Amino acid sequence: MTDYDASADRLAELYSKAFGGKASGRYRIPAKLVRQLMGQRRVYADDIELLRRALYERGYVLIDLDTYFAVVSISTFTNYRRANADCIE
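Here the sequence shown stands for residues -1 to 87, numbered as in the working numbering.
These are calculated hints, taken from the structure and not from any lab test. The model shown is predicted, which means the values in this text are computed figures rather than measured ones. Where hints are given, some of them may not hold.
Stated by the list, open to error - Here are the computed distance ranges between Cβ atoms for each label pair:
1) Glu55 / Ala16: 21 to 31 angstroms
2) Ile72 / Asp44: 15 to 25 angstroms
3) Ala4 / Ala83: 40 to 50 angstroms
No residue lacks a Cβ here, since even glycine has one placed at the ideal position from N, Cα and C.
All chains, full assembly: derive it from the sequences and hints.
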């Protein structure tokens, strides 16, 4: 298991934990805590991509929002309405 796998496991585990007034679900986490979780002082784009892939394999999406990250279940996106060519013409 890589450091990315261990970090992805922890982020996925947080999804089902109660905190912030909710029983479970999507959350955001500061970049500083992600660095701490990964055991690195600096996290580069390559590191984030490997973490994103590891988390995706577990059914979650990692969204980089500059100073923090959002973690959302892939299933969240399945019921979104679909844009097609007709709606953008």
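The hints, checked one at a time:
1. Glu55 / Ala16: 21 to 31 angstroms: holds (25 angstroms)
2. Ile72 / Asp44: 15 to 25 angstroms: holds (22 angstroms)
3. Ala4 / Ala83: 40 to 50 angstroms: Distance hint for Ala4, Ala83 holds at roughly 43 angstroms.
Checked against the numbered hints given earlier, this structure breaks none of them.
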